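Numbering (the working numbering), first residue to last: 1 to 160.
Read the hints as simulated data drawn from the structure, not as lab findings.
Honestly, I wouldn't trust all of these hints.
Stated by the list, open to error - Okay, derived cross-link-like pairs now, DMTMM-like style, lysine to aspartate or glutamate, Cα gap no bigger than 25 Å in a straight line:
1) K40 <-> E91
2) K52 <-> D68
3) K142 <-> D36
4) K148 <-> E56
5) K99 <-> E144
These numbers come from a predicted model, not from an experiment.
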Amino acid sequence: MKNIIFITILSLTFYSCIESTYVYNNTVKVDKEIEDVFTKYVQYWSEGNYDKITDEVYAAPMAVYLQDSTIVLNSKDDVKRYLISTFEELENNNYGFSKRNNWNYFRKEKNIAYIEMHYTRFLKDSSIMKPADRYSAYILTKKEDKFKISALIPFTSVAK
Numbered sequence: 001m002k003n004i005i006f007i008t009i010l011s012l013t014f015y016s017c018i019e020s021t022y023v024y025n026n027t028v029k030v031d032k033e034i035e036d037v038f039t040k041y042v043q044y045w046s047e048g049n050y051d052k053i054t055d056e057v058y059a060a061p062m063a064v065y066l067q068d069s070t071i072v073l074n075s076k077d078d079v080k081r082y083l084i085s086t087f088e089e090l091e092n093n094n095y096g097f098s099k100r101n102n103w104n105y106f107r108k109e110k111n112i113a114y115i116e117m118h119y120t121r122f123l124k125d126s127s128i129m130k131p132a133d134r135y136s137a138y139i140l141t142k143k144e145d146k147f148k149i150s151a152l153i154p155f156t157s158v159a160k
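Take these sequences, add in the hints, and give me the full structure.
Next comes the structure, spelled out in structure tokens:
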């Protein structure tokens, strides 16, 4: 009986390692509709274009789940104020632009999607803004035939 339990645990551990490698190697496939949202998002974020992010990428209401608190943005005005504040802090930290590195996980069911993204931020001189490998999760909801980000879970600081 102990051998069966040991083999089961060993098998699950081995499978988990294979699964982690699978995800890390960027074999996660994201459908075009969601990929397009994030292409615009990274472009607008790099430009500091809070108007376009507010209008085309972020939903209202929206939640930002931080490590120690949750920010609820109930309206487009709340979203815009949050973005303006974030971009002001990024500017103070010499932020230049962002680049999406890879997807960690993706799932879509009808009008809701969950995605995890690794990305890098760069300073204005094109050096890497630490930490080099940033990671966030997003929940997107579809309204009026368009997916928008309705929740953000940043696992690294948004503006530092």
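Taking the hints in turn, this is what the structure says about them:
Taken as a hint, the K40 and E91 pair is honoured in the structure, with Cα atoms around 20 Å apart against an allowance of 25 Å. Between K52 and D68 the CA atoms are separated by roughly 28 Å; this puts the pair beyond 25 Å, and the hint is violated. The hinted pair formed by K142 and D36 meets the criterion: a straight-line CA distance of about 14 Å does not exceed 25 Å. With a CA separation close to 7 Å, the supplied pair K148 and E56 stays within the 25 Å bound.
This hinted pair does not check out: K99 and E144 have alpha carbons roughly 28 Å apart, beyond 25 Å.
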